[in-house]
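Those sequence lines, one after another, are chains R and Z. Take UniProt numbering: the last position of the first sequence gets the number 526, and nothing is skipped along the way. Take UniProt numbering: the last position of the second sequence gets the number 526, and nothing is skipped along the way.
Hints should not be assumed to be uniformly reliable.
Said to hold, decoys possible - Output of the computed footprint for chain Z on chain R, the stretches with three or more beta carbons under 8 Å from beta carbons of chain Z:
| no. | region |
| --- | --- |
| 1 | 101-110 |
| 2 | 202-213 |
| 3 | 430-443 |
| 4 | 499-508 |
As the list claims (entries may be wrong) - The calculated DSS-like cross-link candidates involving lysine-lysine, where the alpha carbons are at most 27 Å apart (straight line), are:
| no. | chain 1 | residue 1 | chain 2 | residue 2 |
| --- | --- | --- | --- | --- |
| 5 | R | Lys419 | R | Lys453 |
| 6 | R | Lys491 | R | Lys419 |
| 7 | Z | Lys419 | Z | Lys282 |
| 8 | Z | Lys282 | R | Lys510 |
| 9 | Z | Lys419 | R | Lys510 |
| 10 | Z | Lys419 | Z | Lys510 |
| 11 | Z | Lys510 | Z | Lys491 |
| 12 | Z | Lys377 | R | Lys491 |
| 13 | R | Lys282 | R | Lys377 |
Bear in mind the hints are in silico, worked out from the structure with no lab data behind them. These numbers were taken from a predicted model, which means no experiment stands behind them. For every residue, glycine included, the Cβ atom is placed at its ideal position computed from N, Cα and C.
Number of protein chains: 2
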Amino acid sequence: MQAKQQSEMHPSRWGDPDRAQALPDTARGMVELVFGLDDRPALVDPALTPSALEPAVLAELAAVVGPDHVRTDDETRRLRTRGKSTPDLLRMRSGDLTDAPDAVVRPGSHDEVAAVLALAGERHLAVVPFGGGTSVTGGLVARREGFAGVLSLDLVRMKRLVAVDHTSMTATLEPGLRGPEAEALLAAEGLTLGHYPQSWEYASIGGFAATRSSGQSSAGYGRFDALVVGLTVATPRGRLELGSAPANAAGPDLRQLILGSEGAFGVITDVTVRVRALPEVKVYEGWRWPSFAEGAAAMRTLAQSGLLPTVIRLSDEAETAINLADPGAIGGEGASGCLMITGFEGTPTAVAAERAAVTAVLADLGGDSVGEAAGEKWSHGRFDAPYLRDSMLDVGVLVETLETATFWSNVDRLYADVKSALTASLGDPSIVLCHISHVYETGCSLYFTVAAKEADEPLAQWHRAKVAASDAMIAAGATITHHHAVGTDHKPWLAQEIGPVGVSVLRAVKADLDPMGILNPGVLIP
Amino acid sequence: MQAKQQSEMHPSRWGDPDRAQALPDTARGMVELVFGLDDRPALVDPALTPSALEPAVLAELAAVVGPDHVRTDDETRRLRTRGKSTPDLLRMRSGDLTDAPDAVVRPGSHDEVAAVLALAGERHLAVVPFGGGTSVTGGLVARREGFAGVLSLDLVRMKRLVAVDHTSMTATLEPGLRGPEAEALLAAEGLTLGHYPQSWEYASIGGFAATRSSGQSSAGYGRFDALVVGLTVATPRGRLELGSAPANAAGPDLRQLILGSEGAFGVITDVTVRVRALPEVKVYEGWRWPSFAEGAAAMRTLAQSGLLPTVIRLSDEAETAINLADPGAIGGEGASGCLMITGFEGTPTAVAAERAAVTAVLADLGGDSVGEAAGEKWSHGRFDAPYLRDSMLDVGVLVETLETATFWSNVDRLYADVKSALTASLGDPSIVLCHISHVYETGCSLYFTVAAKEADEPLAQWHRAKVAASDAMIAAGATITHHHAVGTDHKPWLAQEIGPVGVSVLRAVKADLDPMGILNPGVLIP
Chain R
1 MQAKQQSEMH PSRWGDPDRA QALPDTARGM VELVFGLDDR PALVDPALTP SALEPAVLAE
61 LAAVVGPDHV RTDDETRRLR TRGKSTPDLL RMRSGDLTDA PDAVVRPGSH DEVAAVLALA
121 GERHLAVVPF GGGTSVTGGL VARREGFAGV LSLDLVRMKR LVAVDHTSMT ATLEPGLRGP
181 EAEALLAAEG LTLGHYPQSW EYASIGGFAA TRSSGQSSAG YGRFDALVVG LTVATPRGRL
241 ELGSAPANAA GPDLRQLILG SEGAFGVITD VTVRVRALPE VKVYEGWRWP SFAEGAAAMR
301 TLAQSGLLPT VIRLSDEAET AINLADPGAI GGEGASGCLM ITGFEGTPTA VAAERAAVTA
361 VLADLGGDSV GEAAGEKWSH GRFDAPYLRD SMLDVGVLVE TLETATFWSN VDRLYADVKS
421 ALTASLGDPS IVLCHISHVY ETGCSLYFTV AAKEADEPLA QWHRAKVAAS DAMIAAGATI
481 THHHAVGTDH KPWLAQEIGP VGVSVLRAVK ADLDPMGILN PGVLIP
Chain Z
1 MQAKQQSEMH PSRWGDPDRA QALPDTARGM VELVFGLDDR PALVDPALTP SALEPAVLAE
61 LAAVVGPDHV RTDDETRRLR TRGKSTPDLL RMRSGDLTDA PDAVVRPGSH DEVAAVLALA
121 GERHLAVVPF GGGTSVTGGL VARREGFAGV LSLDLVRMKR LVAVDHTSMT ATLEPGLRGP
181 EAEALLAAEG LTLGHYPQSW EYASIGGFAA TRSSGQSSAG YGRFDALVVG LTVATPRGRL
241 ELGSAPANAA GPDLRQLILG SEGAFGVITD VTVRVRALPE VKVYEGWRWP SFAEGAAAMR
301 TLAQSGLLPT VIRLSDEAET AINLADPGAI GGEGASGCLM ITGFEGTPTA VAAERAAVTA
361 VLADLGGDSV GEAAGEKWSH GRFDAPYLRD SMLDVGVLVE TLETATFWSN VDRLYADVKS
421 ALTASLGDPS IVLCHISHVY ETGCSLYFTV AAKEADEPLA QWHRAKVAAS DAMIAAGATI
481 THHHAVGTDH KPWLAQEIGP VGVSVLRAVK ADLDPMGILN PGVLIP
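Extracted from the complex, chain R is given alone in its bound form:
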């Protein structure tokens, strides 16, 4: 399966325009009942202000990357404007293109990236590295003040599988490869990365690394930062190459300083990742739990027994009832409880053994298997939620997600506090759903989906709810983000999470690697 080029995405919607759809009939009735339908006018492509860049500067850029790879046309600039958070979509739908880059520059190699950075330093241009454009935290909105212009550094030309080491089971990938492209290249070698975030069809290898992405199969394959054994980075200070061994004691692990650096310390120009053999078998199954708490406890037992399957997710009562609304899938019309999805990938022998062990534990703890149909349904629709969000926005329903993580002993409190904060802020009519999708021995993530009737000022409406939820996370001692990264949106809470000394360290590293501050200014660093 090969997704279309990012350049074919619509600027104010998610993904492939051919897959855009009106609200499905199955959902339309419920949405009308809860929120009412408020069809929004058809969207037009909003106009841009002209590029601020002088022709001489554009010529200098063209001398580095070639004239075909410096673009200032409206369509290209529009498609590199912001990311795909709901506020991003709302701004775009309202015609606000103030954050558009002045030019889109497409380097073809590490050396071209380095040369663009050097030129940007000389000409006082801000540089926003661009991979899949799927940020949901404002990671693509560079501060313009103090700069002569903003470049979108589009890594679309850097899509090679640079090296494969079948003995070490590693592969070196360029940053512009999107999820399906990387998997296709690896599949030809009999390998898989196994990294499937919801944004997988569009997000890029460089973005996975820069944002500490975590995929739906994280229990089996690990978070993206756990897959990375090496990195090459172009910084204004020079080239940084890391990854002399799987692990070492040669000082702090600087790989973990680049992972999560969100383009603010440098541009990742290749990533060496641990790979696995392509699974021969993939099987997904549904389980019903009487309550969210009991399902979560079962997840904890699996994690602490070393028995995690490849995929494990658990929806709360509300998400089970609404988002996975197919009563037949979890035990018949009117069945209550919470749906868990388990997935197993690997050789037939390994899958059979792991599935048997997991089944024994879950059944013993009070779970009821509802069979593979529920698992297949989840698997089939696993990348589709952002399309549904667009359909909801089309009828005046604001939909957004946010997520956090904490240690097991704090999960109940965090769940209750964030849910309360969102519900109180959004008022009626609104819906707050939650699932657990990333599980560790010591804790797990919580992922919230919110729907509310769009107010007159939806940006302010959502901002208030986001602030309330984020404050609740930090007050509970949890993280502001498990896998969505910091961007511009999470900066105030990052500052609280890591404290003034942590912020000081980030600033010191930024000042050292990017002394002129040209890289993604305003992103990440509080």
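Knowing the structure of chain R, use the given hints to seat chain Z on it.
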């Protein structure tokens, strides 16, 4: 089992003086044959120069930590002088105490550590954090130049189990707890850390964290840096608290910047670690392989199949023949090949299942089980090698270890190159032994033990060999250290490994957190 206080260690030997011994008869004949015996004169406690600190400064320190906890007597200072590398022991044996601290200060809390750092900044004193004193890379040798004196910041009073979270399976430990002390406190809660480096009987929790330690059970429990979920650090810039979740995407993972910081960025005042249930069963087994390469390939297969046991180690032909010389243990007098140790820890059910799976793989690949006796023998003597080194030094045989790691496809080259470099440098008579003791999906460590007839200038003799081996590691693209850390000894090669941009980042972080440069000056940062 409770090891003695560090203060009872002999300054120029390893560990408990009561366990010091003459070269065992079993080894004496072979040592005489290979190297000759050259008994060294009995050691005397060398004299120190007086403390450089003014009484007024000592009084200020005493006002912070209490008068009992500022020590300037010779014995206390001698016991905080350098670590336990062979060069450290040779210097001490020769009476060189030039690196002795001027005072040993023992804070009792995070706030006292912070107050000592503030005072040290005012009085221009270098501060060397001291846990177990087991560094083998010069990690306790602070640069004196530019300072009014050197303090050893002994964390011996900070030995609390601060918190246990049985739900999240985490525990918060103070840095002065040594391995056995931490395990005893956790065992009372039914828990284990499972971290057993060779230095375990003396090394401390703070040291494990500061040096990215890796234990003999790393395959089952993980490296120490993989166990850490939270840290509190006292820096001259202020208090740094990290660890809001098992994992997150809230910017770079700053925990991984403190892990491996070797006291140069701050003093770790507590560590929150993932713990496991105390294993009900521990079983160790020996396997014989026709060659080191075949044994290593079997380790790789296990790692890449997700079937690693709790412990897995493999000695090369030379180490099997010499160090584990008990022909009966691996198949009778004159049996050749390589000895592998596998170990399984956990519940009876889990151990039985894992052992069966591992046994099937190893037997299929051509390994021969030699039973549990060889495993028990390894387990029994697993912390004793440093005592044997002292006995060898007593008869004029220089013994030292060094280690590295790389990806699987590079193991053969790295092994050959480092072995050649050591052999060529040390000449005859010398012995070079190697084992693999830490295994990952993508690679493994190589741990070398060297013995050579002591030359007239043994420090220079060893320095030449160390340089040759280290150059070979870097030339092979491997790491300068998998688990011994950087200290002062590895700095030139760290600079090559992470390059000038990596060095620049370390310096920037150092300058930010420790602007006066008082923390372990000369250690870690090239």
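Checked hints:
Counting residues of the region 101-110 of chain R whose CB falls under 8 Å from any CB of chain Z gives 0; the rule of at least 3 is not met. Counting residues of the region 202-213 of chain R whose CB lies closer than 8 Å to any CB of chain Z gives 3, which reaches the minimum of 3, so the coverage claim holds. Requiring three or more residues with a Cβ within less than 8 Å of a Cβ of chain Z, the coverage given for the region 430-443 of chain R holds, as 5 such residues are present. Residues of the region 499-508 of chain R with a Cβ under 8 Å from some Cβ of chain Z number 9, which satisfies the need for three, so the listed coverage holds.
Simply put, lysine 419 of chain R and lysine 453 of chain R have alpha-carbon atoms about 17 Å apart, close enough for the 27 Å limit, and the pair holds. In summary, the hint linking lysine 491 of chain R to lysine 419 of chain R is supported, as the alpha carbons are separated by about 21 Å, within the 27 Å threshold. At most 27 Å may separate the alpha-carbon atoms for a hinted pair to count; lysine 419 of chain Z and lysine 282 of chain Z exceed this at roughly 34 Å. Taken as a hint, the lysine 282 of chain Z and lysine 510 of chain R pair is broken in the structure, with Cα atoms around 48 Å apart against an allowance of 27 Å.
Simply put, lysine 419 of chain Z and lysine 510 of chain R have alpha-carbon atoms about 41 Å apart, too far for the 27 Å limit, and the pair is violated. For the hint linking lysine 419 of chain Z to lysine 510 of chain Z, the alpha-carbon distance of about 35 Å lies beyond 27 Å, and the restraint is violated. Note on lysine 510 of chain Z and lysine 491 of chain Z: the hinted pairing holds, with a Cα-Cα distance of about 15 Å set against a maximum of 27 Å. Of the pairs offered as hints, the one joining lysine 377 of chain Z and lysine 491 of chain R is violated, with about 55 Å between alpha carbons and a cut-off of 27 Å exceeded.
Distance check on the hinted pair: lysine 282 of chain R and lysine 377 of chain R sit about 14 Å apart at the alpha-carbon level, within 27 Å; holds.
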